[in-house]
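J.: Turn these sequences into a full structure, and let the hints steer you where they fit.
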Amino acid sequence: MRNIKNKKELIMRYVLLIISLFISGIGIAVTKRGELGVTPISSVANIVSIRFPALSFGTWLFLWNCLMIVGQIVVLRKDFQWIQLLQIPLSVLFGWFTDFGVWIAGFVPNDGYIVRILLVLLGTGILGFGISLSVIANVVMNSGEAFVKAIADKTNLIFGNVKIGFDVSCVVLAVILSLIFFPVRIVGTREGTIIAALCTGLVVSFFQKRIHEPLTDWLRGL
7 MRNIKNKKEL IMRYVLLIIS LFISGIGIAV TKRGELGVTP ISSVANIVSI RFPALSFGTW
67 LFLWNCLMIV GQIVVLRKDF QWIQLLQIPL SVLFGWFTDF GVWIAGFVPN DGYIVRILLV
127 LLGTGILGFG ISLSVIANVV MNSGEAFVKA IADKTNLIFG NVKIGFDVSC VVLAVILSLI
187 FFPVRIVGTR EGTIIAALCT GLVVSFFQKR IHEPLTDWLR GL
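Position 43 (the sequence shown) corresponds to 49 in our numbering; numbering is contiguous.
In case anyone wonders, no lab produced these hints; they're calculated from the structure.
Just so you know, not all the hints are guaranteed correct.
Stated by the list, open to error - Subject to a maximum C-alpha distance of 20 Å in a straight line, what follows is the list of computed SDA-like cross-link-like pairs (lysine to any residue):
(1) 14 <-> 223
(2) 169 <-> 148
(3) 169 <-> 79
(4) 155 <-> 203
(5) 169 <-> 221
(6) 84 <-> 155
(7) 155 <-> 207
(8) 13 <-> 24
(9) 215 <-> 159
(10) 14 <-> 155
(11) 169 <-> 181
(12) 160 <-> 87
(13) 14 <-> 170
(14) 155 <-> 181
(15) 155 <-> 223
(16) 13 <-> 227
(17) 160 <-> 88
(18) 169 <-> 151
(19) 84 <-> 94
(20) 13 <-> 221
(21) 13 <-> 224
(22) 13 <-> 90
(23) 155 <-> 89
(24) 169 <-> 211
(25) 13 <-> 144
(26) 155 <-> 80
(27) 169 <-> 72
(28) 84 <-> 159
(29) 155 <-> 170
(30) 169 <-> 186
(31) 84 <-> 161
(32) 14 <-> 218
(33) 169 <-> 75
(34) 155 <-> 224
T.: Spelled out as structure tokens, the structure:
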């Protein structure tokens with residue numbers, strides 16, 4: 007993040023980040039409503055929430071994000087920037103927004119395979135838009151991306167390659183947990199997870215090309 011001396015701009019960047027979290031939470035919830043799997047990074051929280059429904063999906067997402075924050079501290083050690091602890095309250099908000107989205111999406115019919123695929127695509131589109139706004143906000147990274155960046159920085163590996171490995175690891179872990187929780191069944195991780203993994207980046211790139219420059223210019227002009 008570049009040095010921001012204008013307090014108004016900094017405040018608006020955090021406002022934009024919160025808006026992005028709300029939109030992303032709605033996107034994940036709509037994808038989940040398709041019942042064909044969620045994004046790779048949410049897949050572990052999803053399967054655990056199915057097995058232990060006493061805690062909501064959003065709450066499990068919050069706990070998963072907290073684990074990612076602990077991972078950053080372990081990996082970075084003295085290089086960890088304590089301002090990144092802002093990821094904790096932001097993760098709380100993200101969990102709330104996701105649960106709100108799950109509640110709203112619950113009113114949307116999901117009968118039929120075609121409808122479920124469309125819900126996955128719609129949710130992925132909404133999520134991609136939300137992520138693009140968080141990139142433009144350029145203040146605090148979400149916990150999963152920050153964890154990936156911490157590993158990439160410490161190992162001198164390319165961020166994109168580490169991200170792919172991390173996403174694959176999340177899906178594998180979700181499948182293993184599913185087989186443990188629901189013997190001989192893979193629950194919560196299906197073709198929707200693959201669609202989200204393949205398409206989210208494309209959606210982010212689509213919106214970045216169209217809104218990054220005008221929004222950034224507006225923020226800098228505050």
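J.: It remains to establish, for every hint, whether it holds in the given structure.
T.: Consistency of the hints with the structure:
1. For the given pair, residue 14 sits about 14 Å from residue 223 by alpha-carbon distance, which is consistent with the 20 Å threshold.
2. For the proposed pair residue 169 and residue 148, the alpha carbon gap of about 13 Å is at most 20 Å, so the pair holds.
3. As the CA atoms of residue 169 and residue 79 are separated by approximately 18 Å, the hinted pair is consistent with the 20 Å bound.
4. At most 20 Å may separate the alpha-carbon atoms for a hinted pair to count; residue 155 and residue 203 meet this at roughly 18 Å.
5. Note on residue 169 and residue 221: the hinted pairing is violated, with a Cα-Cα distance of about 26 Å set against a maximum of 20 Å.
6. About 15 Å separates the Cα atoms of residue 84 and residue 155, which keeps this hinted pair within 20 Å; it holds.
7. With a C-alpha separation of about 16 Å, the suggested pairing of residue 155 with residue 207 holds against the 20 Å cut-off.
8. Using a Cα cut-off of 20 Å, the hinted pair residue 13 and residue 24 holds, with the two alpha carbons roughly 17 Å apart.
9. Straight-line distance between C-alpha atoms of residue 215 and residue 159 comes to about 26 Å, which puts the hinted pair past the 20 Å bound.
10. For the proposed pair residue 14 and residue 155, the alpha carbon gap of about 28 Å is over 20 Å, so the pair is violated.
11. For a cut-off of 20 Å, the pair hint linking residue 169 to residue 181 stands: about 18 Å separates their Cα positions.
12. Between residue 160 and residue 87 the CA atoms are separated by roughly 14 Å; this keeps the pair inside 20 Å, and the hint holds.
13. Only pairs whose Cα atoms come within 20 Å are accepted, and residue 14 paired with residue 170 is rejected, the gap being roughly 36 Å.
14. Taken as a hint, the residue 155 and residue 181 pair is broken in the structure, with Cα atoms around 24 Å apart against an allowance of 20 Å.
15. This hinted pair does not check out: residue 155 and residue 223 have alpha carbons roughly 26 Å apart, beyond 20 Å.
16. Of the pairs offered as hints, the one joining residue 13 and residue 227 holds, with about 12 Å between alpha carbons and a cut-off of 20 Å not exceeded.
17. With a C-alpha separation of about 17 Å, the suggested pairing of residue 160 with residue 88 holds against the 20 Å cut-off.
18. For the given pair, residue 169 sits about 8 Å from residue 151 by alpha-carbon distance, which is consistent with the 20 Å threshold.
19. Taken as a hint, the residue 84 and residue 94 pair is honoured in the structure, with Cα atoms around 19 Å apart against an allowance of 20 Å.
20. Between residue 13 and residue 221, the direct Cα distance comes to roughly 17 Å. Compliance with the 20 Å bound is thereby established for this hinted pair.
21. Of the pairs offered as hints, the one joining residue 13 and residue 224 holds, with about 14 Å between alpha carbons and a cut-off of 20 Å not exceeded.
22. Taking the CA atoms of residue 13 and residue 90, the gap is near 19 Å; set against the 20 Å cutoff, the hint holds.
23. Proposed proximity of residue 155 and residue 89 is supported: the alpha carbons are some 16 Å apart, at most 20 Å.
24. Taking the CA atoms of residue 169 and residue 211, the gap is near 16 Å; set against the 20 Å cutoff, the hint holds.
25. Taking the CA atoms of residue 13 and residue 144, the gap is about 15 Å. The hint holds against a cut of 20 Å.
26. Pair hint residue 155 plus residue 80 holds up; C-alpha atoms about 13 Å apart against a cutoff of 20 Å.
27. Pair hint residue 169 plus residue 72 holds up; C-alpha atoms about 18 Å apart against a cutoff of 20 Å.
28. Pair hint residue 84 plus residue 159 holds up; C-alpha atoms about 13 Å apart against a cutoff of 20 Å.
29. With a C-alpha separation of about 12 Å, the suggested pairing of residue 155 with residue 170 holds against the 20 Å cut-off.
30. This hinted pair does not check out: residue 169 and residue 186 have alpha carbons roughly 26 Å apart, beyond 20 Å.
31. Taken as a hint, the residue 84 and residue 161 pair is honoured in the structure, with Cα atoms around 16 Å apart against an allowance of 20 Å.
32. Distance restraint check for residue 14 and residue 218: the Cα-Cα separation of roughly 19 Å lies within the 20 Å cut-off, and the hinted pair is therefore satisfied.
33. Taking the CA atoms of residue 169 and residue 75, the gap is about 16 Å. The hint holds against a cut of 20 Å.
34. Of the supplied pair hints, the one linking residue 155 and residue 224 is violated, its CA atoms being roughly 28 Å apart against a limit of 20 Å.
Checked against the numbered hints given earlier, the structure breaks hints 5, 9, 10, 13, 14, 15, 30 and 34 and satisfies all the rest.
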